[in-house]
Structures are given as structure tokens and as C-alpha cells.
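2 protein chains.
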Amino acid sequence: MKPGDTYTPHDCRPVGEILNQIGGKWTVLIITRLKHGPMRFSELKRLIGGISQKVLTATLRELEMNGFVTRTVTPSIPPRVDYELTDLGRELLVPLDAVSEWALANRQRVLDARKAFFEQNPDAVPPRIGQVATLIHSGNSSDSSAPVAGG
Amino acid sequence: MKPGDTYTPHDCRPVGEILNQIGGKWTVLIITRLKHGPMRFSELKRLIGGISQKVLTATLRELEMNGFVTRTVTPSIPPRVDYELTDLGRELLVPLDAVSEWALANRQRVLDARKAFFEQNPDAVPPRIGQVATLIHSGNSSDSSAPVAGG
DNA sequence: CCGGGTGGTTTCCGTTGGTAACTCACGCTA
DNA sequence: TAGCGTGAGTTACCAACGGAAACCACCCGG
Numbered sequence: 001m002k003p004g005d006t007y008t009p010h011d012c013r014p015v016g017e018i019l020n021q022i023g024g025k026w027t028v029l030i031i032t033r034l035k036h037g038p039m040r041f042s043e044l045k046r047l048i049g050g051i052s053q054k055v056l057t058a059t060l061r062e063l064e065m066n067g068f069v070t071r072t073v074t075p076s077i078p079p080r081v082d083y084e085l086t087d088l089g090r091e092l093l094v095p096l097d098a099v100s101e102w103a104l105a106n107r108q109r110v111l112d113a114r115k116a117f118f119e120q121n122p123d124a125v126p127p128r129i130g131q132v133a134t135l136i137h138s139g140n141s142s143d144s145s146a147p148v149a150g151g
Numbered sequence: 001m002k003p004g005d006t007y008t009p010h011d012c013r014p015v016g017e018i019l020n021q022i023g024g025k026w027t028v029l030i031i032t033r034l035k036h037g038p039m040r041f042s043e044l045k046r047l048i049g050g051i052s053q054k055v056l057t058a059t060l061r062e063l064e065m066n067g068f069v070t071r072t073v074t075p076s077i078p079p080r081v082d083y084e085l086t087d088l089g090r091e092l093l094v095p096l097d098a099v100s101e102w103a104l105a106n107r108q109r110v111l112d113a114r115k116a117f118f119e120q121n122p123d124a125v126p127p128r129i130g131q132v133a134t135l136i137h138s139g140n141s142s143d144s145s146a147p148v149a150g151g
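Residue numbers (UniProt numbering), protein chains in the order written: chain Z, 1 to 151; chain Y, 1 to 151.
Keep in mind that the hints were calculated from the coordinates and are not lab data.
Only a predicted model underlies this, so the values are computations on that prediction, with no experimental measurement involved.
There's no promise every hint is true.
From chain Z, some residues computed to sit far from chain Y (all C-beta separations above 10 Å) [stated by the list, open to error]:
| # | residue |
| --- | --- |
| 1 | Arg40 |
| 2 | Ile48 |
| 3 | Gly50 |
| 4 | Thr74 |
| 5 | Glu84 |
| 6 | Ala98 |
| 7 | Ala103 |
Per label pair, the in silico range of CB-to-CB distance [stated by the list, open to error]:
| # | chain 1 | residue 1 | chain 2 | residue 2 | range |
| --- | --- | --- | --- | --- | --- |
| 8 | Z | Phe117 | Y | Pro38 | 39 to 49 Å |
| 9 | Z | Val94 | Y | Lys25 | 42 to 52 Å |
| 10 | Z | Thr86 | Y | Ser76 | 36 to 46 Å |
| 11 | Y | Pro122 | Z | Ala116 | 53 to 63 Å |
| 12 | Z | Ala116 | Y | Ser52 | 26 to 36 Å |
| 13 | Y | Ser76 | Z | Arg90 | 23 to 33 Å |
| 14 | Y | Thr72 | Z | Val81 | 50 to 60 Å |
| 15 | Z | Asp112 | Y | Val73 | 42 to 52 Å |
| 16 | Y | Arg80 | Z | Lys54 | 25 to 35 Å |
| 17 | Z | Thr74 | Y | Thr57 | 40 to 50 Å |
| 18 | Y | Lys54 | Z | Gly50 | 22 to 32 Å |
| 19 | Z | Ala105 | Y | Leu104 | 45 to 55 Å |
| 20 | Z | Pro78 | Y | Gln120 | 22 to 32 Å |
Heads up, the beta-carbon is just placed ideally off N, CA and C, and yes, glycines get one too.
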């Protein structure tokens, strides 16, 4: 964006700032996983599945900085760290959980839409290759002839 | 995640898949900007502000593939491309808009939480530097002596 | 021929995310 | 005494994603 690119700053930029804070790849998952009470680090990691320690640590730090979770260290051996939603986090959980549940409820519709799109546009190649391939090849009803590899 | 790292795949992985699809940095902004009707490419770009053409194009393609928006090309001179939410997109808009409005309504609370955190932990350094610095130094009520740069 | 406006792609580079190994501090086992 | 396992976290390295800017194709006005 150029400096002279004057746009009307509706309600968009502030939203974008906060969205960038909660827009980490795993933030929604972490917050929704925390909704049933405090959780230990490895518990979270195990429950989410597919997240690395590095990113889980970083995302939790970020959530802590933004006031969404608290981090409680019990100095035992081995050390024990519990993460829990704050009031702010619990409030954020409400809309985030709605998104999460929408995603769960409409997963198949998205998958079907993807399939329909690629059947109508066989030459289309998804710009975000990795994740897209995962989605297509995963729990799809019949992912044979997934047109993503053909190009 | 290792292959032998068996976890119970609750409702977490499917959600994560869809979330990765809609979890692009700008996806929420784009969908919520589209809620009042179809929009042209540059209109979207101007309205959102801060997004590059490349990413806007890629994100819109992704949304199109997932069945959230339609892309209508009018072969006029200069060419005109309109993007509009599908039914699926309008349904997704509901929870996404809730997130967006939460972010707008609670922006200052997040900012305050950040400030309080950094006042209590002056040594803390945010792992995601760029965005965090932007957030702190931006429309904050009094961002003088923002402790992030001092380290 | 030059510049403007539109939608989009390409190039380069910084940031983010993933993988694997290592650390710390202890108790258990041999 | 040495080695192993634990739990939270860090580090090094590397691929993918996101951002800035340039370029492309198209046609019109001057």
C-alpha cells in the first residue's frame, strides 16, 4: 500500500490489527481447545495435533500478551505450566467458537464446493499448494482423480 | 507432529483444515467487506487498505475455490471483475462478522491488556515483531515509552 | 508515443510455520 | 556412576507464505 493511497478507514483497519493478533494459524484452535478449563502445554499440543512446540509456544505467548490467556508455572520437576482463558479470552471464545463450529458443521459443503470448482476448472491450480492438497486428499468422500496434481 | 504421535482426533483436525482455508491473514476482512453486496477488485483493495494485489488475488481465488465467493468477469474495456458472496459465503459471514465486530468493539481492551503485560514484564519481547510493533505504536492512547523497543 | 486506469502476474525479500535436535533439572534404574 | 524419561521450551535450519514494487495487456485521449 502506497502512502498516498488514501482510503476511507471505515471499521477495517482496527479490525485488521486485532485480526492479525488472533489470526495466527493455530490461534482459533488453541482458544477453542481451552474453553473447557485450564490445560497443560503438552495436553494442548496432544489435543490439537499437528502443531509444533515452537509455534504453540509462540502462539501462547502472543495470546498471553494480548490478555487472552494466563500462564501459570508450577515450579515442580519436571516443570508444569497451565494455560487458562482470561475473561477477555472467554469473551473472544464466543465468536471464535461460532466460527469453529461453523467450520465443523460445513466441512463437507466446503469440500464439495472445492470438488465442483475443480471439476469445472480442471486447469486451475490452487495458489496455496500445501494446505490445499492436504484438504483435498484427506477425508474427502472420493478423492480419486483429485485434479490438483495434474495441473 | 510425528507419525506415531497418536492423539484423539476430536473435532479438531477437520476444524483446523477449514480454518486453514479461511485462516489467511486477510480472509476475514475480505468476506466481511463483501457483506453489503458485490464488489470490484480495486474497490475491495481500496476499502481494505494495506493488502497487496498479489495476496488479494490469491485470497480471492482461494475463496472462489472454496465456494465462498463468485468471480464475475465483464469483458469490457477496461475489464471489470466483480466478487460476490455465495450462499455458503453468506453463511460463513455470520460467525466471521461476529469475530470482526468483537475485534472492533474490544480493540481498546486488547491494547490495554498488551500495555499492562509489557509494563509488568519489561523484558518480554514479542515473538512476532512486526505486527506487534505496529499494534503497539499505532492508535494507542499514549504510546510514548512503548517498552517493546527498549528490550 | 506517452500516460492513465483496470485486473493480474512476476520478482525479490522478509516473516511465519514446520522439523528435529538440544537444554534443564530431577528421579528412576542398572 | 552412567543412562533414560519426563515436560516445557529453545535453537538451527529450511520451506512456504506475505509484502513492495515492477511489469503486462488492453484501449483511449492527447
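Here's how the hints hold up against the structure:
1. Arg40: Nearest chain Y Cβ is 14 Å from Arg40 (chain Z), so the label holds.
2. Ile48: 6 Å, violated
3. Gly50: Check fails; 5 Å does not lie beyond 10 Å.
4. Thr74: Answer for Thr74 (chain Z): holds, closest chain Y Cβ roughly 19 Å.
5. Glu84: Nearest chain Y Cβ is 15 Å from Glu84 (chain Z), so the label holds.
6. Ala98: Incorrect as stated: the minimum Cβ-Cβ distance to chain Y is 4 Å, not above 10 Å.
7. Ala103: Violated, since 4 Å does not exceed 10 Å.
8. Z:Phe117 <-> Y:Pro38: 39 to 49 Å: Given range 39 to 49 Å: violated, Cβ gap about 19 Å.
9. Z:Val94 <-> Y:Lys25: 42 to 52 Å: 22 Å, violated
10. Z:Thr86 <-> Y:Ser76: 36 to 46 Å: 53 Å, violated
11. Y:Pro122 <-> Z:Ala116: 53 to 63 Å: 54 Å, holds
12. Z:Ala116 <-> Y:Ser52: 26 to 36 Å: 29 Å, holds
13. Y:Ser76 <-> Z:Arg90: 23 to 33 Å: 51 Å, violated
14. Y:Thr72 <-> Z:Val81: 50 to 60 Å: Between Thr72 (chain Y) and Val81 (chain Z), where Cβ atoms are some 51 Å apart, the hint holds.
15. Z:Asp112 <-> Y:Val73: 42 to 52 Å: Taking Cβ atoms as reference, Asp112 (chain Z) and Val73 (chain Y) lie about 24 Å apart, which means the hint is violated.
16. Y:Arg80 <-> Z:Lys54: 25 to 35 Å: 45 Å, violated
17. Z:Thr74 <-> Y:Thr57: 40 to 50 Å: About 49 Å separates the Cβ atoms of Thr74 (chain Z) and Thr57 (chain Y), which means 40 to 50 Å holds.
18. Y:Lys54 <-> Z:Gly50: 22 to 32 Å: Since the Cβ atoms of Lys54 (chain Y) and Gly50 (chain Z) sit about 27 Å apart, the hinted range of 22 to 32 Å holds.
19. Z:Ala105 <-> Y:Leu104: 45 to 55 Å: At roughly 25 Å between Cβ atoms, Leu104 (chain Y) and Ala105 (chain Z) fall outside 45 to 55 Å, so the hint is violated.
20. Z:Pro78 <-> Y:Gln120: 22 to 32 Å: Cβ of Pro78 (chain Z) to Cβ of Gln120 (chain Y): about 26 Å, so the range 22 to 32 Å holds.
Going down the numbered hints, you'll see the structure goes against 2, 3, 6, 7, 8, 9, 10, 13, 15, 16, 19, while the others check out.
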